[in-house]
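For this note's numbering, add 26 to where a residue sits in the sequence shown, where the first one is 1.
Incorrect hints may have been included.
[Stated by the list, open to error] Computed cross-link-like contacts, BS3-like style, restricted to lysine-lysine with a CA-CA straight-line distance of at most 30 Å:
1. LYS260 - LYS31
2. LYS161 - LYS38
3. LYS215 - LYS289
4. LYS38 - LYS260
5. LYS212 - LYS289
6. LYS271 - LYS217
7. LYS278 - LYS289
8. LYS272 - LYS208
9. LYS271 - LYS254
10. LYS31 - LYS161
11. LYS208 - LYS282
12. LYS38 - LYS208
13. LYS35 - LYS277
14. LYS277 - LYS161
15. LYS208 - LYS281
16. LYS260 - LYS275
17. LYS83 - LYS95
[Stated by the list, open to error] Ranges of calculated distance between the beta carbons of each label pair, as one might list FRET restraints:
18. ASN86 - PHE149: 27 to 35 Å
19. VAL268 - ASP211: 36 to 44 Å
20. LYS215 - ALA270: 28 to 36 Å
21. LYS186 - LYS124: 48 to 56 Å
22. ASN121 - SER274: 54 to 62 Å
23. ASP129 - TRP150: 24 to 32 Å
24. LYS277 - TRP150: 22 to 30 Å
25. LYS31 - GLN276: 22 to 30 Å
26. ALA190 - ASP129: 34 to 42 Å
Don't read these hints as lab results, they were simulated from the structure. All values derive from a computational prediction rather than experimental measurement. Note that CB positions come from ideal geometry on N, CA and C, so glycine has one too.
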Amino acid sequence: MNYLKLIAKSIKRYNESSFELKRFAVLFQKLNLYIIGVCLLIPSFWYNFMDEEFMDKRTNVFNYSDVIKKSYEDMRAGYDFRGHVMPNYETYFNNMSKRFYSDFAFICGSMAITALPWLLILFWPAGAPIRVDRKNGLIFTRQWFRFYAARLEQLQPECKTFSASLEQLGGPLIVSLYRPGKVYDKDGKLKRGMRIRIGCYIPPDLSHNRDILYCIEQFMTHEADIPKGLKPEKVWLEWSLVPAKKLSKQKKLDKKIAHWFAKENQPDS
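The task is simple: from the sequences and hints, build the whole structure.
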């Protein structure tokens, strides 16, 4: 069995000379957002559809102009009955509207907090993938418009047993990638680089991170090829209205790769 089939859920796309792997991240990722969103949605549903006192307050807040106007007209009847002169409506409106500020802030703030996780689920794009490029002998990605890369022997891999201390799921494969000219220090020692977490979330088994590392090693050393008909799998947590971030076009990537190689052995001062 070709080992690359074991990591099909972590592969985004591939060709004969390279394949791209997904980012692994627990914090601020879709599953956490779904959990937070549901936890906020339950009390929001109760207050907005079951609590009559809150519903009346919400209606009054969003129709405060009509509420103030009605209050003014009701007060006019009393003033006319006693023969008193009514205060100016504009002054009365300005004074009364201040009473709605705190309720307006609370209701709009609670609605915004409830909606935020769902907006992030729908519109937050996934990070750019990590490309394993056998032709150039490089593993690289893009982070905040910057190019990071490493050779196979520079990865400093780490396979986490669990994804988080309270989450008994297989952890990510963590590797080091470097900016051009930031690979070695002035003593010629390999620096730590930027630590990138690789793999699908939720991982299919506890050994998935080691499978990814093994496949990278096998592919980069020409011990394994992409199997014919390999179908990358997409999990439901990846669904979004906004497509994931992509790497630059190949012509631009070639320039970045050449620049990275030119700067590779220059020590970072």
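Quick one: which hint numbers does this structure break? Sort them smallest to largest. Going through the list in order, the structure violates no hint and respects every one.
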